[in-house]
Structures are given as C-alpha cells and as structure tokens.
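S.K.: Hey, can you work out the whole structure from these sequences and the hints?
2 protein chains.
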Amino acid sequence: MIVVPQKALFDQPLALKGGATLPAFEIAYETYGELNAARSNAVLVCHALNASHHVAGTYADDPNNIGWWDNMVGPGKPLDTNRFFVVGNNYIGSCFGSTGPTSTNPATGKPWGADFPLVTVEDWVAAQARLADYLGIERFAAAIGGSLGAMQALQWTLSFPERVRHAIVIAATPRLTAQNIAFNEVARQAIMTDPDFHGGHYYEQGVVPRRGLRIARMIGHITYLSDDAMMEKFGRVLRGKIAPGYDFDVDFEIESYLRHQGDKFADYFDANTYLRITKALDYYDPAAEFGGDIAAAMARAKANFLIISFASDWRFAPSRSREIVRALLDNRRVLSYVENDAPHGHDAFLLDDPRYFAALRAYFGNIEL
Amino acid sequence: MIVVPQKALFDQPLALKGGATLPAFEIAYETYGELNAARSNAVLVCHALNASHHVAGTYADDPNNIGWWDNMVGPGKPLDTNRFFVVGNNYIGSCFGSTGPTSTNPATGKPWGADFPLVTVEDWVAAQARLADYLGIERFAAAIGGSLGAMQALQWTLSFPERVRHAIVIAATPRLTAQNIAFNEVARQAIMTDPDFHGGHYYEQGVVPRRGLRIARMIGHITYLSDDAMMEKFGRVLRGKIAPGYDFDVDFEIESYLRHQGDKFADYFDANTYLRITKALDYYDPAAEFGGDIAAAMARAKANFLIISFASDWRFAPSRSREIVRALLDNRRVLSYVENDAPHGHDAFLLDDPRYFAALRAYFGNIEL
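In order, the protein sequence lines correspond to chains A and B. Going by our numbering, the first sequence opens with residue 2, and the numbers climb by one from there. Going by our numbering, the second sequence opens with residue 2, and the numbers climb by one from there.
In case anyone wonders, no lab produced these hints; they're calculated from the structure. Note that CB positions come from ideal geometry on N, CA and C, so glycine has one too. One should not assume that every hint holds.
[Claimed, not checked] Which stretches of chain A does chain B cover? Using the computed rule of at least three CB atoms under 8 Å from a CB of chain B, they are:
id: 1; stretch: 187-197
id: 2; stretch: 255-264
[To be verified] Quick list of in silico lysine to aspartate or glutamate cross-link-like pairs, EDC-like style, CA-CA up to 20 Å:
id: 3; chain 1: B; residue 1: K234; chain 2: A; residue 2: D286
id: 4; chain 1: B; residue 1: K265; chain 2: B; residue 2: E254
id: 5; chain 1: B; residue 1: K242; chain 2: A; residue 2: E290
id: 6; chain 1: A; residue 1: K234; chain 2: B; residue 2: D286
id: 7; chain 1: B; residue 1: K242; chain 2: A; residue 2: D286
id: 8; chain 1: A; residue 1: K242; chain 2: B; residue 2: D286
M.R.: Structure below.
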C-alpha cells in the first residue's frame with residue numbers, strides 16, 4: 002500500500018490548556034481507504050510517544066519506511082481499510098511534520114525551540130477536531146490508540162462526546178502514577194542537564210542533547226518490556242564473549258540493545274518534543290476537575306468502548322485499565338473489556354498477538370457504518 | 002551508642018576474580034558488642050549499594066551521623082549487641098574508607114580513579130575473610146545483609162562454607178535479570194557520558210560527574226520503592242502550587258523528591274565506585290559455573306539459612322528469593338523463609354516493619370552461642 006503524507010494548515014489560533022495560544026498550526030496526516038458517501042466510516046488513529054501520522058503502508062520513494070501500525074491497518078487487516086477510512090495524524094508539538102518546537106516561530110523567523118508552548122492531550126484532541134472538520138468528518142466511527150494514543154481516544158469521548166461513536170483504548174491509564182511520573186522526570190532531567198541542551202535553544206548552537214536523549218530512550222525501553230519478556234529475549238547472555246570483560250564495555254546483550262536503541266533515537270528525535278510529550282503524559286488527568294472521581298469525569302462520554310490491557314504491562318498495568326472500565330460501568334456505558342495475556346509488556350499493543358488482533362477485528366467488524 | 006570507626010591494613014596481595022591483583026588494601030570497619038571467650042558470637046553485617054561500615058550507633062564528634070541499620074543493630078534490638086559481637090565493614094572499591102578508586106594508587110602516588118580494578122561479590126567476601134582473620138574470628142555465627150548485602154551473605158556460605166553458621170539473606174536474588182542489568186546500564190551510561198567524567202579520571206580535573214550521578218540515583222530510587230508505596234507517599238500531589246506550571250520546573254512532589262535525592266547523592270558518592278558496584282551486581286551469578294543450576298551451586302553451602310523477601314519488592318521480587326529457597330530445599334539445608342507483606346518495596350529491608358523485625362529477633366534468639 003503506497004501512501005502519501007499530507008499537511009493541513011489551520012490559520013485560526015488554537016488556545017492551549019496551559020494558557021498560551023498557537024497563532025496557526027499545521028497537522029501532518031495520512032489517510033487509508035475511502036470516506037464513504039455517508040461519511041460514517043472514518044477512524045482516527047492516535048499515536049504514542051515515538052510514532053507519527055505514518056500509520057500504515059509505505060512511501061513510493063522510501064519503500065522500507067513502513068507505517069508503525071501496518072500490521073493493524075490495511076486491506077483485510079483488523080482495522081480494514083476496505084471498509085474504513087482511516088486517518089493517521091501527528092500531534093502538535095511532535096517532530097514529524099506537525100507544528101512543534103522544530104517549526105519556525107512566525108514571530109521570530111527562527112525555530113520555536115524552548116519557546117514552543119507545552120501542549121496537552123486535550124490540545125491534541127482539539128487540533129484533531131480541526132483536522133476532522135477539514136476532512137469533512139462530522140463524527141468518527143471510532144478513535145483508537147495505545148498508551149498515550151489511548152489517552153487521546155479516551156479524551157475524544159470527553160471533549161467531543163457527539164463526534165465519536167466508539168473509543169478503542171489500549172494499554173491505557175486514566176492518569177499516571179507517581180512512578181510513571183518519576184520515570185518521565187528522570188528522562189527530562191537527563192535531557193535538561195545535558196550541556197548540549199542549552200535551555201532548549203540548541204538548534205542555534207548546531208548541537209543536540211544526544212546524551213540526554215539516549216538515557217531517556219534507554220529508560221523508556223525498560224518500561225516498555227516486561228521483566229520476563231526481557232529475560233526471555235536477552236537473558237544474561239554475553240555479547241560476543243564467553244566471559245565478562247571486567248571493564249565497562251558491553252558485557253551483556255541487554256546492554257548492547259539499550260545502547261543501540263538510545264543511539265538510534267538520539268539520531269532522529271527532537272529533545273524539546275520529548276520533554277513536551279512527557280509533560281502531556283504527566284498532566285493528563287480527566288478526573289482532576291472532579292476531585293479525582295473518574296466515574297464523574299466519564300459521565301459526559303457517549304461512545305461505546307473497547308478497553309484492552311495486557312497482563313505483562315507494568316507501565317500501565319491492567320489494574321489501570323480496570324479503573325476506566327469501572328468508571329464506564331458506573332455510567333452504564335456499553336463496553337467490552339479484554340485482558341490479554343501477551344507476554345511483551347507495554348509494547349504488546351504494537352505486536353500482532355493473535356487473540357489481541359482477533360478481538361480488534363471482531364470489534365471493528367461489528368461497528369455499523 | 003557511641004562507636005569508633007577503625008581501619009585494618011592488609012599488606013598481602015589480593016587476587017581479584019577479574020584477573021587483577023590489589024597489592025595491599027585497607028578495610029574500614031566498626032564493631033558493636035563484645036566478642037565472647039569462645040569467639041562464637043560474631044555476626045558480619047554486609048552493606049548494599051549506598052551504605053558503609055557505619056551500621057549502628059553514632060560518633061562522639063558527629064552525633065547526628067547514625068548508622069544505616071541502627072534500628073536493627075544495638076542493645077536489645079533484633080540483632081542484639083548484648084549477645085552478639087557485630088562487625089560492620091565497608092567493601093573494597095567503595096568510597097567510605099576501604100580501599101577504592103578514591104584511594105591512592107601506590108604505583109603512581111595519585112588516586113586510582115579509572116585504574117582501580119573491577120571488584121566482585123566474591124572479592125568482597127575474600128577481603129572480609131581477611132578482616133575476620135585479623136579480628137580473630139574463625140567462624141561467624143551469622144552473616145547478614147539485604148539486597149547486594151544479601152549476595153555477600155549468600156556468597157560467604159559458598160566461599161567459606163566452614164566459616165559461617167547462619168546466613169540471613171534479605172531482599173535478595175541469586176542473580177540479576179536482564180531488567181536489573183538494564184537499569185544498572187542506564188545509570189552507568191548516564192555517568193560515563195557526563196562530560197565531567199573524563200573517562201574516570203575526573204579527580205585530577207577537579208570536577209565530578211554530578212549530572213550522571215544524579216540520574217543514576219534517581220533511577221535507583223524508582224526501583225527501591227514500589228509503585229503503590231510511591232503513590233501512597235507522593236500521589237499526584239503538586240509541589241507548592243495549585244495548578245501545573247506548564248513549564249519544566251517542579252510540578253509534582255515526586256519530582257522534587259527525586260531531584261533532592263539525586264542532588265544529595267551527587268554531593269558525596271564517588272562515580273567510579275558507583276560504576277563498580279553496579280558491575281559487581283551484574284556479574285554476580287554463583288550458578289554460572291554450574292550451567293545456571295542454582296541448586297548445584299548451593300551444594301557446597303553448610304550454613305543454615307533465613308531467607309526474607311517482601312511482596313512489594315519489584316527490584317528483587319519474592320520469586321527470586323524462592324529460587325534460592327528451592328535450591329536450598331534441593332540440598333536439604335535447614336532453612337526458614339519469610340515472605341513479608343510490608344508495602345515499601347525493596348527499601349523494606351531497611352525499615353522496621355514489626356513482623357519483619359520479629360522474624361529476625363526470633364531467628365537471632367535461636368542461634369546458639
């Protein structure tokens with residue numbers, strides 16, 4: 002499936018939750034399948050930390066660049082583009098095409114950098130609603146996402162209850178725990194104390210805070226895999242040696258893996274974006290204005306829900322998904338809940354476990370158009 | 002209880018597991034209680050990452066400097082110094098008085114720094130045996146430790162089966178998992194990529210890799226507490242504000258706590274020591290020479306064992322302690338196993354949970370002198 006990334010420009014200001022206003026913004030997006038005549042078959046795919054609008058397919062001039070959820074989205078796949086019109090989008094503040102810290106600040110003619118405002122899950126959803134307007138989609142058949150993407154799918158049911166019929170909320174949490182925030186804070190501190198960070202104005206110095214990005218990514222990878230999955234994949238296997246080196250070169254396979262992931266990430270990810278995404282995660286808490294009562298927060302939702310969690314996910318454990326399920330039950334929403342036993346930890350939402358995919362295929366198959 | 006730290010000098014070389022030889026070394030130690038005439042009441046206390054020989058009591062000239070296990074060790078306490086002669090020791094490679102990277106390398110007259118060899122749990126135990134000789138202790142009534150200290154207590158039963166009657170192994174693991182190694186590796190990378198690290202030769206530059214040490218410590222603290230304990234202690238409570246700041250200053254209490262812990266640690270801990278301790282942890286695997294068979298590795302142990310784990314400890318979970326228990330059962334060793342439900346995570350071994358302390362008090366009370 003060959004796809005073409007597109008951009009939509011929005012020249013009306015966007016008031017952000019944090020108080021700042023974006024004077025104008027662009028959203029990078031892709032679409033797969035065809036919008037039907039009734040405009041009733043659109044599905045919004047929301048991405049997590051490290052992904053983009055490139056959800057599925059490849060590019061004609063870059064055939065190895067396969068979308069991050071290509072196993073899920075396409076003709077005959079669980080989210081079947083023969084039936085649905087699927088919209089991938091890059092949230093604002095990201096570094097893959099939508100307006101973010103690497104974009105030009107119209108007020109200065111230079112990159113926004115540290116001056117780009119903090120954005121929230123609510124802001125992303127508000128911007129995505131503008132994209133829906135632009136595409137002529139009054140109401141999505143579904144919004145779907147995993148992890149941070151799931152927060153967006155959930156928030157759609159709260160920000161625009163009338164504009165989304167189904168929310169598919171995978172590997173989610175209604176809000177971060179102190180431990181979740183702690184991991185984000187360590188990653189931020191690693192980036193912000195890197196001497197090449199320059200208070201976020203590193204673009205003009207011609208450097209990037211690579212050391213900090215490496216550490217941030219290494220920490221992330223630990224939380225994406227379960228202890229068991231990591232042991233299964235890497236064990237205590239030494240890397241290219243039969244005995245430990247008694248020095249600080251790589252001894253174990255897991256060390257090599259983490260260094261490689263960190264290096265790769267530092268090559269392409271923007272540090273100012275990383276900082277902002279972790280803050281959006283930390284801040285998200287739809288129950289905050291209801292005294293912490295998630296059921297009260299969910300009262301305005303009108304969508305039907307599919308909630309999926311993974312037993313091996315310790316970042317956002319099934320107990321966190323069950324908080325959402327309980328809140329929906331309290332509100333007598335129509336919902337399905339699947340607790341999957343895939344062993345891959347938080348990353349399981351990206352992998353094609355047969356039971357997980359079967360649940361999604363069945364759910365999408367039952368959505369009326 | 003006023004105590005006086007002491008040092009013992011050993012001028013016979015110590016051959017290390019990694020192949021290097023320490024030409025001579027000092028061990029800093031403290032003792033509490035009196036060695037009885039039969040020399041049968043000595044208990045060796047082994048410390049974990051961040052502690053020292055200062056196990057209990059205070060110093061006459063520094064009354065606020067209380068030993069790290071003062072709640073456990075002293076007159077009338079679970080490890081009762083009215084009955085036992087307790088020996089605290091600082092392992093070699095540390096930065097609190099025993100020979101380590103901050104010590105003077107006799108070959109150069111300058112600090113060892115990066116040239117200090119990597120040391121292992123086995124090396125620590127070998128050095129502690131020299132200390133036992135020096136103190137006239139042929140056989141310890143018990144060796145006790147938590148976490149990395151527990152590895153030393155366990156190794157005593159393997160390196161010197163005849164020289165320890167009881168091993169008290171708390172919050173332990175027989176070897177690190179890939180996830181455990183991964184956390185250590187991220188900490189090491191944070192330190193080693195800090196521009197102030199200078200390949201470990203930072204002493205002569207007049208700097209210390211503070212940024213890296215901060216990050217290492219912050220990561221450590223996340224793994225010492227359980228998710229639940231952290232939520233109980235910090236929740237999502239904002240620090241001195243009623244709404245998020247939408248900037249990168251401290252928002253949540255947990256952020257403030259981590260930054261504070263990181264700053265404090267960077268003020269006093271030596272980075273070369275930190276690197277070496279994490280490697281000692283990674284390398285420890287008594288089953289390695291037995292094809293991974295822990296029971297085979299434990300066959301030479303002759304001690305009785307008390308194994309204690311904590312349900313909320315996800316760093317070294319009860320399942321890891323049970324591996325040791327199973328290996329001991331296979332060898333028909335005399336053992337007690339306590340799985341404690343204290344909610345404090347890995348740190349629980351340092352806290353005075355009543356059931357935990359009662360188990361230790363009872364066990365020590367039953368040791369014949």
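S.K.: Now look at each hint and say whether the structure bears it out.
M.R.: The hints, checked one at a time:
no. : hint            : verdict
1   : 187-197         : holds (count 8)
2   : 255-264         : holds (count 5)
3   : B:K234 x A:D286 : 19 Å, holds
4   : B:K265 x B:E254 : 17 Å, holds
5   : B:K242 x A:E290 : 15 Å, holds
6   : A:K234 x B:D286 : 19 Å, holds
7   : B:K242 x A:D286 : 16 Å, holds
8   : A:K242 x B:D286 : 16 Å, holds
Hint violations for this structure: none, all hints satisfied.
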